[in-house]
Amino acid sequence: MSEAVANQLLADVYRFLGRSLAYPDPAWLAAGHLVALAELLAELGWDEASRELQSLPAAPAVLLEALCIEHTRLFINAFPATVAPPYGSVHLPGGGMLNTAFTAKTRAFYRRYGFELANGADLADYLPLELEFLARLGEGGEEAAREEFLAECFRPWFGGFLARVRAGAELPFYRIVVELIDFFTKEEEEDGY
Amino acid sequence: MGIKISRRKFLQTASLAAAALPLSRLARAAEPGLVKKPVAAPGSFTGTETRYGGMCEMCFWRCQLTGKVRDGRLVKLEGNPKSLENGSSICARGNAGIQLLYDPDRLKYPLKNVGERGAPKWKRISWAEALDEAAERLKVIQKKHGPHSVALFPHGASAFYPLQYFEFTGTPNISEASFYQCRGVRDMAYMSTFGFAPNEDVDMANAKVIFLVGTHLGENVHVSHLKQYLKGLENGAKLVVLDPRFSAAASKADIWVPIKPGTDTAFLQAVMKRLLDTGKYDQEFVAKSCTGFDQFKEAMAHATPEWAAKTCDVPKAQLLQVADLLGANLPNVAVHPGRHTTWYGNDFQRSRAQACLTALLGAYAVPGGLIRPKGVKLGAASWGHGVFAQDCDLSKFWPFHPPGTPTDAIRETTLTAKPYPIKAWIAWGQNPIQTIPDQARTIAALKKVDFVMVTDIMPMDITMYADILLPEKTYLERYDYVKTGMQWDPAAKPQQFVAARMPLVEPLFEGRDSVWIVNELAKRLGHGDKIPVASIEEHVDKRLAPAGLSIAKLKALEGIFTQDGVSPYAPAGKREFEFDTESGKVELFSEQIDSNDFAGSPAYVPTAEVPAGYARLVYGRSPVHSFSRTQNNIWLHHEMPENPLWINDRVAAKAGLKDGDRITMVNQDGVKSRNSTVLKVTPGIRPDTVYLAHGYGSMNPELTVGKDQGIDDQSLITLFGIDRETGATGMRTSFVKVVKDGRTLEMMV
Ligand code: SF4
Numbered sequence: 001m002s003e004a005v006a007n008q009l010l011a012d013v014y015r016f017l018g019r020s021l022a023y024p025d026p027a028w029l030a031a032g033h034l035v036a037l038a039e040l041l042a043e044l045g046w047d048e049a050s051r052e053l054q055s056l057p058a059a060p061a062v063l064l065e066a067l068c069i070e071h072t073r074l075f076i077n078a079f080p081a082t083v084a085p086p087y088g089s090v091h092l093p094g095g096g097m098l099n100t101a102f103t104a105k106t107r108a109f110y111r112r113y114g115f116e117l118a119n120g121a122d123l124a125d126y127l128p129l130e131l132e133f134l135a136r137l138g139e140g141g142e143e144a145a146r147e148e149f150l151a152e153c154f155r156p157w158f159g160g161f162l163a164r165v166r167a168g169a170e171l172p173f174y175r176i177v178v179e180l181i182d183f184f185t186k187e188e189e190e191d192g193y
Numbered sequence: 001m002g003i004k005i006s007r008r009k010f011l012q013t014a015s016l017a018a019a020a021l022p023l024s025r026l027a028r029a030a031e032p033g034l035v036k037k038p039v040a041a042p043g044s045f046t047g048t049e050t051r052y053g054g055m056c057e058m059c060f061w062r063c064q065l066t067g068k069v070r071d072g073r074l075v076k077l078e079g080n081p082k083s084l085e086n087g088s089s090i091c092a093r094g095n096a097g098i099q100l101l102y103d104p105d106r107l108k109y110p111l112k113n114v115g116e117r118g119a120p121k122w123k124r125i126s127w128a129e130a131l132d133e134a135a136e137r138l139k140v141i142q143k144k145h146g147p148h149s150v151a152l153f154p155h156g157a158s159a160f161y162p163l164q165y166f167e168f169t170g171t172p173n174i175s176e177a178s179f180y181q182c183r184g185v186r187d188m189a190y191m192s193t194f195g196f197a198p199n200e201d202v203d204m205a206n207a208k209v210i211f212l213v214g215t216h217l218g219e220n221v222h223v224s225h226l227k228q229y230l231k232g233l234e235n236g237a238k239l240v241v242l243d244p245r246f247s248a249a250a251s252k253a254d255i256w257v258p259i260k261p262g263t264d265t266a267f268l269q270a271v272m273k274r275l276l277d278t279g280k281y282d283q284e285f286v287a288k289s290c291t292g293f294d295q296f297k298e299a300m301a302h303a304t305p306e307w308a309a310k311t312c313d314v315p316k317a318q319l320l321q322v323a324d325l326l327g328a329n330l331p332n333v334a335v336h337p338g339r340h341t342t343w344y345g346n347d348f349q350r351s352r353a354q355a356c357l358t359a360l361l362g363a364y365a366v367p368g369g370l371i372r373p374k375g376v377k378l379g380a381a382s383w384g385h386g387v388f389a390q391d392c393d394l395s396k397f398w399p400f401h402p403p404g405t406p407t408d409a410i411r412e413t414t415l416t417a418k419p420y421p422i423k424a425w426i427a428w429g430q431n432p433i434q435t436i437p438d439q440a441r442t443i444a445a446l447k448k449v450d451f452v453m454v455t456d457i458m459p460m461d462i463t464m465y466a467d468i469l470l471p472e473k474t475y476l477e478r479y480d481y482v483k484t485g486m487q488w489d490p491a492a493k494p495q496q497f498v499a500a501r502m503p504l505v506e507p508l509f510e511g512r513d514s515v516w517i518v519n520e521l522a523k524r525l526g527h528g529d530k531i532p533v534a535s536i537e538e539h540v541d542k543r544l545a546p547a548g549l550s551i552a553k554l555k556a557l558e559g560i561f562t563q564d565g566v567s568p569y570a571p572a573g574k575r576e577f578e579f580d581t582e583s584g585k586v587e588l589f590s591e592q593i594d595s596n597d598f599a600g601s602p603a604y605v606p607t608a609e610v611p612a613g614y615a616r617l618v619y620g621r622s623p624v625h626s627f628s629r630t631q632n633n634i635w636l637h638h639e640m641p642e643n644p645l646w647i648n649d650r651v652a653a654k655a656g657l658k659d660g661d662r663i664t665m666v667n668q669d670g671v672k673s674r675n676s677t678v679l680k681v682t683p684g685i686r687p688d689t690v691y692l693a694h695g696y697g698s699m700n701p702e703l704t705v706g707k708d709q710g711i712d713d714q715s716l717i718t719l720f721g722i723d724r725e726t727g728a729t730g731m732r733t734s735f736v737k738v739v740k741d742g743r744t745l746e747m748m749v
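Residue numbers (the working numbering), protein chains in the order written: chain H, 1 to 193; chain P, 1 to 749.
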């Protein structure tokens, strides 16, 4: 198995997980994200999550409505509280603010590796953007940089975000996606976990 | 987590099949959020750029700003050194605008409430969906019940355009908190007296005496206004403060009059009588520029110092001392007109008394007096006047009402459907739950209507009740207001300025400006062909055009245009003026007011006495908050996280309360405060009065910083007065007891 192929797969997984956090719409649903997620879960042997995924409403319109409401509740604005805004700076100790020096640091990291935010892109520490950056580094064979980015710009906040999603998610979809992000970004232990 | 395989193993085993995995196909089809650019060397420094044209909206004063922007990120706000008003200074709230811009709780996308009003379940929708639905629902309501069945509650610079638009559609039911729960009373009283609204244009910087009736400058912070006040004090002006509380201003006063709440008009009448009796008034100004002197004098005749001293619960000697000090320093006396003047429902007459006192002292167009600053003439772009049937006009019972319709009339009409149904409420930058007393009735009205639309930048109490919730750009991300005026010190070299609010940073998320939102709504409601301006930029340019300016020109001028101005002082010796009143003179007695069955000269109307065992709840400003709008601002929150309840030390001792005790409150109708706060025990407040800073204790838990912090004074105001002349809402009319450890305590000495 070539390292390059493995890296490409990991990059695809990052992009896919980032894309899974996009606001759902009919086109997104029709593209088969749930099917792809189910296959990924099968590959990983995460049976419990597979079963949970199957518990989602089957009718596309009902499913879409449920996912839109859950996405809004988790990540955008919610009553009584938004569960987990997907921006790094918010989850740092003493955070509570968007677009801080930490966001700038994340953007500077992108630049060091020749990337800039596209026009209209969200803030630099928006989770899907960070996943895309990880994918780009992987595709470029920049494994050391990937590790450095994870250590400096990703893991410091992701744990807080993960805990809030775990505690606050009502539908399994986003919880599973965020658990998978954790799985694919956490520090590898000796046994590869 | 039940993943049965290691990451490494997964990547090894699955990668053969990778290309076939649907996730790879989906992943690679994703829109890129990053683009390739030449590599930036590590540590390369992105410089800090100064951007001009900002205008603060953390309060209504609208200081001019510059923004320090690093790599698109606003890192610091400062006053624009070119400003003739605030110069390079801004206040704590102005600085904290950055926190508002980057508040994670801010409204980001249009939201639809798929849950209940009051317990919303939000769903993000597109602007097209939001506007289509809003227009459809408004159309149905307007068609069935008429255009007047839509009520609008606007506030702030961005609300001018929606206000004009809904007026144009034919609803008179528009109520601005800035009028009906704030300055409307004052404006109407001064217009009836001097023919113009006074703003806060009183020349404190060059006064010999500054006379504040309840105004608590220092806690009430507006930068150039405080510069004027402090310069006046530095120059040796004597300061007289009427306030039941030892406010920041009282602490600097030469004479602090701890007046009984609600009796200010009696005090002012007695002061005016004393001036008349001693001849210490500006006889030339009164003779040449005022009318109704004889009726006025007769109306003041009863106001003996003994009567006023008893009525106001102040020493007679102190009252005379104040009157004599004012008389000795005429005409250079700054009788501050105040701003928030809706106190007891007898407020028009008090503001009239302040205006008449100003006239009696001849304190007009002279150093230290009431002045009329001259700015640069600006243009307009308007929807044009709406036409509505006279029988739809709910304001007709209040002949001196400010523009729009009294808020309480709209709410009662909504609840009773009499004389006609009101079926839609739109709030635009206003939070009627914290601006209008008796929250239960406001909430009942919000639950009764067929449609509620709210436009704001942050979650507020009112946003919990929206069916459609629209995010506006913050004031740091948009164009809107055009301001003109003169230098802050009226005695300095006369200058004029024009400034326009311009964005300091690119907008975040999907906030839109009010012109765009209204135009899109108007197109859907069949008014596309009447749209006066295509964009907010065009609106600003039209406002600037008569001054020979444009956005581009102002940008080149670092945000502010200045030119030589006109002194606000009349030539020395000029005592005859023409005013824009019915008589052309200052109306010490107003035939117009009299013919409407109100007192033609300022009259004292007593307010209800404090019931035994209670204290009157009064409220005011915190220097680090602007009403309810800054509750969630974590920088400001750190400065003053809750609003301590001021209570008289003797009352506290009798009730067994100590400084720092945590307490709740209950009012005369049994309404309990939702939250608790700490007690500030002090001799600096009358025994019959307790005090809270306004703008705390939001009921909306979406404010992660502000929720449940301090007590919402408005939640305890269920008894309120409607000003008979103007329809404005008097709100210092509720009474409370303190509750500690479940025990309700008597407020008495
Ligand atoms: S006084 Fe303060 S909050 Fe008000 S406009 Fe000026 S800087 Fe902003």
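A hint or two may mislead.
What the hints assert, rightly or not - Okay, the calculated beta carbon distance ranges per label pair:
id, chain 1, residue 1, chain 2, residue 2, range
1, H, Gly32, P, Ser89, 56 to 64 angstroms
2, H, Glu139, P, Thr13, 34 to 42 angstroms
3, H, Glu170, P, Arg662, 51 to 59 angstroms
4, H, Glu170, P, Ala534, 42 to 50 angstroms
5, H, Glu143, P, Thr13, 47 to 55 angstroms
6, H, Ala163, P, Ser126, 56 to 64 angstroms
7, H, Glu170, P, Lys418, 39 to 47 angstroms
8, P, Ala119, H, Glu148, 43 to 51 angstroms
9, H, Val62, P, Pro641, 38 to 46 angstroms
10, H, Glu52, P, Ala119, 24 to 32 angstroms
11, P, Gly660, H, Glu187, 20 to 28 angstroms
12, H, Ala163, P, Asp132, 32 to 40 angstroms
13, P, Gly379, H, Leu92, 34 to 42 angstroms
None of these hints come from the bench; they were simulated from the model. Glycine included, each C-beta is placed from N, C-alpha and C at the ideal position.
Hints, verified against the model:
no.	hint	in the structure
1	Gly32/H <-> Ser89/P: 56 to 64 angstroms	59 angstroms, holds
2	Glu139/H <-> Thr13/P: 34 to 42 angstroms	20 angstroms, violated
3	Glu170/H <-> Arg662/P: 51 to 59 angstroms	35 angstroms, violated
4	Glu170/H <-> Ala534/P: 42 to 50 angstroms	43 angstroms, holds
5	Glu143/H <-> Thr13/P: 47 to 55 angstroms	19 angstroms, violated
6	Ala163/H <-> Ser126/P: 56 to 64 angstroms	31 angstroms, violated
7	Glu170/H <-> Lys418/P: 39 to 47 angstroms	44 angstroms, holds
8	Ala119/P <-> Glu148/H: 43 to 51 angstroms	45 angstroms, holds
9	Val62/H <-> Pro641/P: 38 to 46 angstroms	44 angstroms, holds
10	Glu52/H <-> Ala119/P: 24 to 32 angstroms	27 angstroms, holds
11	Gly660/P <-> Glu187/H: 20 to 28 angstroms	47 angstroms, violated
12	Ala163/H <-> Asp132/P: 32 to 40 angstroms	39 angstroms, holds
13	Gly379/P <-> Leu92/H: 34 to 42 angstroms	48 angstroms, violated
Hint violations for this structure: numbers 2, 3, 5, 6, 11 and 13, all remaining hints satisfied.
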